[in-house]
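With the sequences and hints as input, model every part of the structure.
There are 2 protein chains.
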Amino acid sequence: MIHSFLMIGQSNMAGRGYAKDVPLIIDEHIKMQRNGLWQMMTEPIHFDRPSSGVGLAASFAALWRLDHAQDEIGLIPCAEGGSSLDDWAVGGALFENTLSQARLAQRTSVIKGILWHQGENDCSPEQAKDYSEKLAVIIRTLRQELNIQEVPLIVGALGDYLSNGLFGQYFTAYPLVNDALVHFANSHSNSYFVTAQGLTANPDGIHFNAMSQRILGVRYYNAYRDLKHIFDPVTDEDKILSAIYERPYTKTEKSKLLEYEFTIGNMDGKEYLRQLGALG
Amino acid sequence: MIHSFLMIGQSNMAGRGYAKDVPLIIDEHIKMQRNGLWQMMTEPIHFDRPSSGVGLAASFAALWRLDHAQDEIGLIPCAEGGSSLDDWAVGGALFENTLSQARLAQRTSVIKGILWHQGENDCSPEQAKDYSEKLAVIIRTLRQELNIQEVPLIVGALGDYLSNGLFGQYFTAYPLVNDALVHFANSHSNSYFVTAQGLTANPDGIHFNAMSQRILGVRYYNAYRDLKHIFDPVTDEDKILSAIYERPYTKTEKSKLLEYEFTIGNMDGKEYLRQLGALG
Numbered sequence: 001m002i003h004s005f006l007m008i009g010q011s012n013m014a015g016r017g018y019a020k021d022v023p024l025i026i027d028e029h030i031k032m033q034r035n036g037l038w039q040m041m042t043e044p045i046h047f048d049r050p051s052s053g054v055g056l057a058a059s060f061a062a063l064w065r066l067d068h069a070q071d072e073i074g075l076i077p078c079a080e081g082g083s084s085l086d087d088w089a090v091g092g093a094l095f096e097n098t099l100s101q102a103r104l105a106q107r108t109s110v111i112k113g114i115l116w117h118q119g120e121n122d123c124s125p126e127q128a129k130d131y132s133e134k135l136a137v138i139i140r141t142l143r144q145e146l147n148i149q150e151v152p153l154i155v156g157a158l159g160d161y162l163s164n165g166l167f168g169q170y171f172t173a174y175p176l177v178n179d180a181l182v183h184f185a186n187s188h189s190n191s192y193f194v195t196a197q198g199l200t201a202n203p204d205g206i207h208f209n210a211m212s213q214r215i216l217g218v219r220y221y222n223a224y225r226d227l228k229h230i231f232d233p234v235t236d237e238d239k240i241l242s243a244i245y246e247r248p249y250t251k252t253e254k255s256k257l258l259e260y261e262f263t264i265g266n267m268d269g270k271e272y273l274r275q276l277g278a279l280g
Numbered sequence: 001m002i003h004s005f006l007m008i009g010q011s012n013m014a015g016r017g018y019a020k021d022v023p024l025i026i027d028e029h030i031k032m033q034r035n036g037l038w039q040m041m042t043e044p045i046h047f048d049r050p051s052s053g054v055g056l057a058a059s060f061a062a063l064w065r066l067d068h069a070q071d072e073i074g075l076i077p078c079a080e081g082g083s084s085l086d087d088w089a090v091g092g093a094l095f096e097n098t099l100s101q102a103r104l105a106q107r108t109s110v111i112k113g114i115l116w117h118q119g120e121n122d123c124s125p126e127q128a129k130d131y132s133e134k135l136a137v138i139i140r141t142l143r144q145e146l147n148i149q150e151v152p153l154i155v156g157a158l159g160d161y162l163s164n165g166l167f168g169q170y171f172t173a174y175p176l177v178n179d180a181l182v183h184f185a186n187s188h189s190n191s192y193f194v195t196a197q198g199l200t201a202n203p204d205g206i207h208f209n210a211m212s213q214r215i216l217g218v219r220y221y222n223a224y225r226d227l228k229h230i231f232d233p234v235t236d237e238d239k240i241l242s243a244i245y246e247r248p249y250t251k252t253e254k255s256k257l258l259e260y261e262f263t264i265g266n267m268d269g270k271e272y273l274r275q276l277g278a279l280g
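Residue numbers (full-length UniProt numbering), protein chains in the order written: chain F, 1 to 280; chain U, 1 to 280.
For the record, the hints were derived by calculation from the structure and aren't laboratory data.
You may find that some hints are simply not true.
Treat identical chains as interchangeable: a pair holds within one or across any two.
To be verified - The list that follows gives simulated cross-link-like pairs (lysine to any residue, SDA-like), each with its CA atoms no further than 25 Å apart: (1) 270 <-> 50; (2) 270 <-> 236; (3) 256 <-> 203; (4) 228 <-> 152; (5) 112 <-> 100; (6) 20 <-> 232; (7) 270 <-> 170; (8) 20 <-> 266; (9) 256 <-> 201; (10) 112 <-> 268; (11) 228 <-> 276; (12) 228 <-> 205; (13) 254 <-> 18; (14) 134 <-> 237; (15) 270 <-> 18; (16) 254 <-> 166.
See the structure below:
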């Protein structure tokens, strides 16, 4: 049985980190959902935009795997870039799509957690004021509909870089959203907050860069594992990531990487079969 | 109201053509579904594999647009690489995912057609024998569930290159599948067959290359428009494609392309704003 996690929110949950900036994370026991089926995870996990890239879920899942060596984890990507909290209202397309994807996942997995990152599109005092209350309705309904009342929900802070970038004028109210996220986590059971302290952005000043997404995944996992808020960076985040990267690939993982190179035309058929055969 | 088209089948419906081999097709009035919402289509339209690439739907949609200058078309990607006809059985994950995605699309669009390409995974005399009957059950149920009994279904032939490639041994029975597809189209109303005559493959010998996918889209559209089988290549396929490529981009399309370059880090923020401003 796969242990699955629902990924919802906006672009920083979907992920816009540049893959070239960080080591690859793959693991044949980390799956992602596509068309209602599971396949080995590769980034981008989301496909909400052509610019989808590295998000927080890959390092989250890799850390989960270190603690669950015999089990499989499945990621259910439902985040949508540029979506406001109102876009996530119960009955809307994003909410309904999430329900349908989650229900497909529940045919072959048990949902063990909800990962939420959203709020850049709600950076005004008016929107921040209602944020916690609106989020509560969405999450409560989602839990009821999917019968996952008790699973941990992890919510992450918006990046402190937001108001400094080229588009910083649109994000001056971001601390109010972060306050709302803390308030939400403090006032709802099975809900945990994660800091974005020290994390940095792509040159756009909007999206966490790939390295920051990897770190954010470490923090989300710590919150999930320990069932507690993460108000400060986790000790030795870099070392934790190194442990993930140092894991040698299995034969199955190597063959999937070869298959990809062959399919996109980077390797001819004979070379593909030769290298596949060399895997033993 | 968007006119939408359901895309189902296996990898050659999803598309594995190399984008670098053909001119770009974008059009602000051609949409694709993501997370239950519509956004401007960009290839890959599918995301069933990291190797997803050019499929037949982009040129299909572009031709539809030439005949519907005032309307919008929406593509609903549900094809899954490597799927057999049995994987598409009613009640299975692929079928249920298709239903859920189609129902999301029906909130804001009217489904006007079904595009099917599948069969490489059914290339044995035993599987080909039951192909038409099995497909009939799938399509009949899909039509009933979605209340789209009358919309045209277009089914395309498998490529004649299949038995010649490096993996040709697995596809020797492909003509039997093509016979079954013809039989299906001939024996069911609102169903039309499209030839793959003359189309060629990626070096893998399995997937239509990008140029062939563009041509296949022309044939699918002709079958759809004229409600007839396409047993021979369409006259002037290259000229038809040239007409698509020659269409100048609108301001919205140019700004979407700029946004993409900016988001993936190919253009810094100041240059992005400068070029965006220059669009007028």
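Cross-check of the supplied hints:
1. 270 <-> 50: Answer is between; shortest inter-copy Cα gap is 22 Å, intra-copy 32 Å.
2. 270 <-> 236: neither (44 Å within a copy, 36 Å between copies)
3. 256 <-> 203: Only across copies: residue 256 and residue 203 sit 18 Å apart there, 32 Å inside one copy, limit 25 Å.
4. 228 <-> 152: within (10 Å within a copy, 55 Å between copies)
5. 112 <-> 100: This pair counts as both: shortest intra-copy Cα distance 17 Å, inter-copy 23 Å.
6. 20 <-> 232: neither (27 Å within a copy, 45 Å between copies)
7. 270 <-> 170: Close across copies (16 Å), not inside one copy (54 Å); limit 25 Å.
8. 20 <-> 266: both (17 Å within a copy, 13 Å between copies)
9. 256 <-> 201: between (31 Å within a copy, 21 Å between copies)
10. 112 <-> 268: neither (41 Å within a copy, 40 Å between copies)
11. 228 <-> 276: neither (45 Å within a copy, 44 Å between copies)
12. 228 <-> 205: neither (29 Å within a copy, 53 Å between copies)
13. 254 <-> 18: Both. Shortest intra-copy (22 Å) and inter-copy (23 Å) distances satisfy the 25 Å Cα cut-off.
14. 134 <-> 237: Answer is neither: 33 Å inside a copy and 53 Å across each miss the 25 Å cutoff.
15. 270 <-> 18: between (32 Å within a copy, 20 Å between copies)
16. 254 <-> 166: between (41 Å within a copy, 21 Å between copies)
In terms of the numbered hints stated before, the structure departs from hints 2, 6, 10, 11, 12 and 14, listed from lowest to highest.
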